[in-house]
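Peer 1: Based on the sequences and whatever the hints tell you, model everything.
So in my numbering, the last one in the sequence shown is 932, and the numbering has no gaps at all.
Hints in this document: simulated from the structure, not taken from any laboratory.
One or more hints might be untrue.
Simulated crosslink set (DSS-like; lysine-lysine; CA at most 30 Å straight-line) [as the list claims (entries may be wrong)]:
id, residue 1, residue 2
1, K893, K906
2, K896, K920
3, K881, K893
4, K920, K893
5, K896, K906
6, K896, K881
7, K906, K920
For clarity, every value in this text was computed on a predicted model and none was experimentally measured.
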Amino acid sequence: YRDLRNEAYGLLILEGKDWQRVRSAFQQKLMKPTEVVKLDGKINQVLVDMVARIGKINVNGKIEDLYF
Numbered sequence: 865y866r867d868l869r870n871e872a873y874g875l876l877i878l879e880g881k882d883w884q885r886v887r888s889a890f891q892q893k894l895m896k897p898t899e900v901v902k903l904d905g906k907i908n909q910v911l912v913d914m915v916a917r918i919g920k921i922n923v924n925g926k927i928e929d930l931y932f
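Peer 2: Here you go:
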């Protein structure tokens with residue numbers, strides 16, 4: 865899918881030198897506590913939205929739609 869659309873792979877599925885290259889780039893900025901705090905509100909909002917969607921489980925015990 866990503867290859868067909870010429871999209872980059874995420875850090876979680878990379879391996880070897882590709883993983884190390886991307887991880888090093890993230891390490892320099894995003895791992896600093898002052899940078900993580902900047903994302904705190906956005907991350908919390910995503911979590912609130914997800915919990916609300918999970919709370920809408922139907923009578924069959926399934927979540928109808930997680931897509932926005």
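Peer 1: Are the hints correct? Go through all of them and say.
Peer 2: Tested hints:
no. : hint          : in the structure
1   : K893 <-> K906 : holds, 17 Å
2   : K896 <-> K920 : violated, 36 Å
3   : K881 <-> K893 : holds, 19 Å
4   : K920 <-> K893 : violated, 37 Å
5   : K896 <-> K906 : holds, 17 Å
6   : K896 <-> K881 : holds, 23 Å
7   : K906 <-> K920 : holds, 22 Å
The structure fails to meet hints 2, 4 from the earlier list, while all remaining hints are met.
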